[in-house]
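Engineer: If you read the sequences in order, they're chains A and B.
When you line the first sequence up against full-length UniProt numbering, it's residues 1 to 663, in that order.
When you line the second sequence up against full-length UniProt numbering, it's residues 1 to 663, in that order.
FYI, nobody ran anything at the bench for these hints, they're computed from the structure.
Note that the Cβ used here is the ideal one computed from N, Cα and C, for glycine as well.
A portion of the hints provided could be inaccurate.
What the hints assert, rightly or not - Below, computed lysine-lysine pairings styled on DSBU-like, alpha-carbon distance capped at 35 Å:
hint : chain 1 : residue 1 : chain 2 : residue 2
1    : B       : Lys199    : A       : Lys13
2    : B       : Lys275    : B       : Lys188
3    : B       : Lys275    : A       : Lys13
4    : B       : Lys13     : A       : Lys188
5    : B       : Lys275    : B       : Lys199
Unchecked claim - Some chain B residues close to chain A (C-beta under 7 Å, calculated; not the full set):
hint : residue
6    : Val24
7    : Leu26
8    : Leu27
9    : Leu33
10   : Ser84
11   : Leu317
12   : Leu320
There are 2 protein chains.
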Amino acid sequence: MFDAAMEELATEKEAEESHRQDSVNLLTFILLLTLTILTIWLFKHRRVRFLHETGLAMIYGLLVGVILRYGIPSTIYHNKTPPSCSLKEGPVSTLLLNVSGKFFEYTLKGEINSREIHNVEQNDMLRKVTFDPEVFFNILLPPIIFHAGYSLKKRHFFRNLGSIITYAFLGTAISCFVIGNLMYGVVKLMQAVGQLTDKFYYTDCLFFGAIASATDPVTVLAIFNELHADVDLYALLFGESVLNDAVAIVLSSSIVAYQPSGTNTHTFDASAFFKSVGVFLGIFSGSFAMGAVTGVVTALISFFTKLHCFPLLETALFFLMSWSTFLLAEACSFTGVVAVLFCGITQAHYTYNNLSEESTKRTKQLFEVLHFLAENFIFSYMGLALFTFQNHIFSPIFIVGAFLAIFIGRASNIYPLSFFLNLGRRHKISGNFQHMMMFAGLRGAMAFALAIRDTATYARQMMFTTTLLIVFFTVWVFGGGTTPMLSWLHIREIWCKVVVFRVSFTLKGDNLLSHVSLQDGPQHEGGSKTKQESAWLFRLWYTFDHNYLKPILTHSGPPLTTTLPGCCGPLARCLTSPQAYENHEQLRDTDSDLILNDGDLTLTYGDTAITANGASGGHDGTRGEWGGINGKTEAAPERDSEAREHETTSRGTRLVFPVEDHA
Amino acid sequence: MFDAAMEELATEKEAEESHRQDSVNLLTFILLLTLTILTIWLFKHRRVRFLHETGLAMIYGLLVGVILRYGIPSTIYHNKTPPSCSLKEGPVSTLLLNVSGKFFEYTLKGEINSREIHNVEQNDMLRKVTFDPEVFFNILLPPIIFHAGYSLKKRHFFRNLGSIITYAFLGTAISCFVIGNLMYGVVKLMQAVGQLTDKFYYTDCLFFGAIASATDPVTVLAIFNELHADVDLYALLFGESVLNDAVAIVLSSSIVAYQPSGTNTHTFDASAFFKSVGVFLGIFSGSFAMGAVTGVVTALISFFTKLHCFPLLETALFFLMSWSTFLLAEACSFTGVVAVLFCGITQAHYTYNNLSEESTKRTKQLFEVLHFLAENFIFSYMGLALFTFQNHIFSPIFIVGAFLAIFIGRASNIYPLSFFLNLGRRHKISGNFQHMMMFAGLRGAMAFALAIRDTATYARQMMFTTTLLIVFFTVWVFGGGTTPMLSWLHIREIWCKVVVFRVSFTLKGDNLLSHVSLQDGPQHEGGSKTKQESAWLFRLWYTFDHNYLKPILTHSGPPLTTTLPGCCGPLARCLTSPQAYENHEQLRDTDSDLILNDGDLTLTYGDTAITANGASGGHDGTRGEWGGINGKTEAAPERDSEAREHETTSRGTRLVFPVEDHA
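Isolated chain A, as found in the complex (with noise of 0.2 Å):
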């Protein structure tokens, strides 16, 4: 009994040094956060801008790295090797341990080969400091995505909707299989001179294409958006990325799935490549739906409640049901990624204009605090994963393969497709633009956690250091010369803004109320423009959208009496808000324009502003919006009731004048 006593004491002292370890970890991570943190806003104090805070992130976890490599003597880990037992059956998740005739209870954590059983012995520490790779899939990617959907420029973004889904699709296939198969040339090669000793399958090589085709070009979009790019590039570019990402993880996922047939596998078969075809387009729409609904279903909750006298629980129900997305769809074998990307579209698009106005603010807010954790903590732990993870196999051939494969499959992706749409667009891609989407094509957090996934077998073992390196590579070199390759190609923009100032007088009772608006440009050409401009699709979702769904989930949009035909009389009355009468009016000619990102905003409305006025003013146009991820950009209100309050309570005049930014 003594012994027991003494036993259980044991136990307990190892599980609380294991609860310490883990502390020590994740502290390690949080400091490492929290010196990214200051080291971002001293660059942004001193305006340094050839290094993003991801590629800073990366830089400080290869430091950390380094030194828990190479710092800290390995004596003072836990170097015991683990007991082993053998069992007959297949691995099971539960497994019952018999200890003199007490039961302990064990869960699987997944397969280790010969190679490892070394490291499991070796080294503890660097081993803790390894996360579960689905950690990525199912805590840090989503809200990442889901911050993507809800801030995807609107306006923009459906002016060029086709050329985006032709790139993200069409574009993200082609460069799938070109790398896929360049890779497998490689592979061939290596088999030939005798580098390769395990085995590397066509399958294998179209997973790696798969993963090496999801773009992140979050480095050169906080660069556009510092600078004032062109905002139809922007456009192409940021939402390109967004779709590329859910299009790469679907199609790894349909790989997988291409594999077992008989056992004649990892040759070509027309009916398993079928029945990936089928899993891709089931998957994927099937996200797609998930996603959708979600958010159709939080917006009609937001509409039909009275919900947004309380901001705590509108926020907390948005950010429950946005979430729930993600776990439904993983519950359904759906991808929760892609659902919860187009559940953000969704509710930026209908549930956005329901909310209060500081549950708008809230939910944006946290997600962009989440988002900002999620994307820097990936990115330093990519750092650290070069040193730390115990498993890379580094194959020089493979390696400058790969760079090459995935510039051809960038290039074969960009050049052809941008010659197919400009025989459609009235507003040509110009080759410039072209050389800089080529030029963006960076790897980021998506083909990193699409590479940790798996990292079983010596082929992903391979993927993954070099998706690694791709990634170390793309960001910090392509990242960094985002600025010098905008202006050498001449699309860097002078910036001449418009500001209209609103004043408004309005007596409230015995005081007397002014408030003073500011508002970007002449929306009302831009409004004309869009519908112009945009492509038939579009145009016919659009008035759809516009005149029926618009007003049956949201308190936005015009009367449904005035859209539907005459018989539906009685439905249409009983589905209308009645703030949808007032602001009709207003409504019909804004809500195009609706621009969802506040911090973007002069960037949406500067190509207006410029046909009007003409390109003037100095050359560093963009002192006064150094801030413009954060709070200054609170300033400028851009939401659909808040326009109509304005155009409400304005009795006052309106003053125009062009302001120069600080030359």
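Chain B: place on chain A using the hints.
Structural biologist: Here is chain B on its own, set in the frame of chain A:
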């Protein structure tokens, strides 16, 4: 080889299935929370006040628990017995499993006793809904506790600091020992009757005393807020419950530390007792220091950098630093939850003053949402656990004994201490207040988390079941009875507000800006009153804090040059921020009145208002404050810097008129 591939596929399928199951489980909770939010909204909308959101969450949790337990036929679960393998050595954290040459890694989940093995076989689903108890301690409690610290209403908290500390430290210790000893009597009785089949030591009883001493009057406080009950009573209850959680958690770990002293355990041992007291003091002061230090570090960072230009970075830093407190404390074997509490208080006292206006909102809203979600999650989990937890031990004698013991324990905390406190207090704690404090001894999240942390032994399982029932009973019965109780004790006060409108006109550029601000109650009298009524200890601390700490750590407070003796002139000039000189005059009076929780503004100044105008007005004074936790309250700005701004820009009139609530 074919076999191996099939086997691998089977493992993958199983892992996928397990992931799906996890998603479904989380989804269940999210739907529960969604349902709770919608019902809360309905209740708030219809002004139903007898059931608080936490009580509601428990009811929904109970319903889902019943469905999971009895509604779903058990045939759809996996009912296979996990294979077992035996080992001679004690349990280890990592185990390797050798299945025909392939190695799989397993991690220890915990010990299971003989009864549970049966359950492992029986019902996989119910087991899966059961979370790892550490989730409560490491993920859900920290945001709740931090939020409590961050939103401590400073003025009334400090005014009653002595009493609060007495109740929290001495009171909780008394309550713990009274309950522990009474329960030991009950256990002896059960042993005599033959109702107790397993071991139940004196230390177990004391541990139960610590668990059951953690009060959580969240329901009562919410109603206080809505009904504007007495502010001092509110401060006493809130302050006590916040600190008392910290005391209870440290108390429970020092009781655990008491146990092992040779073979003759479980009898009184003086050396072990003093060791326990030492552990208590060590853990408590260590955690306190850790929390205070990270808070001060954050204040210094925000003081010396100009991070407030970038609210996103600022918020992220604030969040990370606060979280790192928790991890740091855990890594040093202190108590993270306690550290987080004091970190929250420090952040609110210092860092808050350095944050940009947007960040103050952001941080408050962020932690508000996290707190809301975590709290409701815990309460709905409690409901669920009553039916899904597999090892309940319902012992009628123990339960009845425990109910009696907690009331006696609470009574021997409140009444004697109040008597002694009243000897020294100028503002006595009346009999009715004492009854109300007695009545408000609800048990909640902390008691539950402490009880579920360890349910390995028979005694602990019995405690867990009993704690769960205590929480249910107190939250529903006492929480629901708060409103009648307040009326019955005549604590519910009639309300009459003094509203001060300040209309200020400023000429900025060519525009006339008018600014209408709403302020409640005359602040200056309040400020001096605070100083008069406070204990000497507090006055000493206040002077030191106001004259030295605030100027060093924040941009508010008087310049150091005026507070430090002349000889320290150069140092003082070097440490004083330029802003400090500007705001010198205004700040002297206002910062002691700084109210953090905007929602409670009217409440806080209410007593002042009443003394000035006398009680008048109707009976139901709550209509206008119904949305108190929400957005409306943003109208009342109460930060140092804002107060300053009003002061400097106001050249206008001051209209003071009493406003009677919609009677």
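Engineer: Take the hints in turn and mark each one as holding or not.
Structural biologist: To see whether the hints hold, each was checked on the structure:
| no. | hint | result |
| --- | --- | --- |
| 1 | B/Lys199 x A/Lys13 | 23 Å, holds |
| 2 | B/Lys275 x B/Lys188 | 27 Å, holds |
| 3 | B/Lys275 x A/Lys13 | 19 Å, holds |
| 4 | B/Lys13 x A/Lys188 | 31 Å, holds |
| 5 | B/Lys275 x B/Lys199 | 24 Å, holds |
| 6 | Val24 | 5 Å, holds |
| 7 | Leu26 | 5 Å, holds |
| 8 | Leu27 | 4 Å, holds |
| 9 | Leu33 | 6 Å, holds |
| 10 | Ser84 | 4 Å, holds |
| 11 | Leu317 | 5 Å, holds |
| 12 | Leu320 | 5 Å, holds |
Against the hints set out earlier in the document, no violation occurs for any number.
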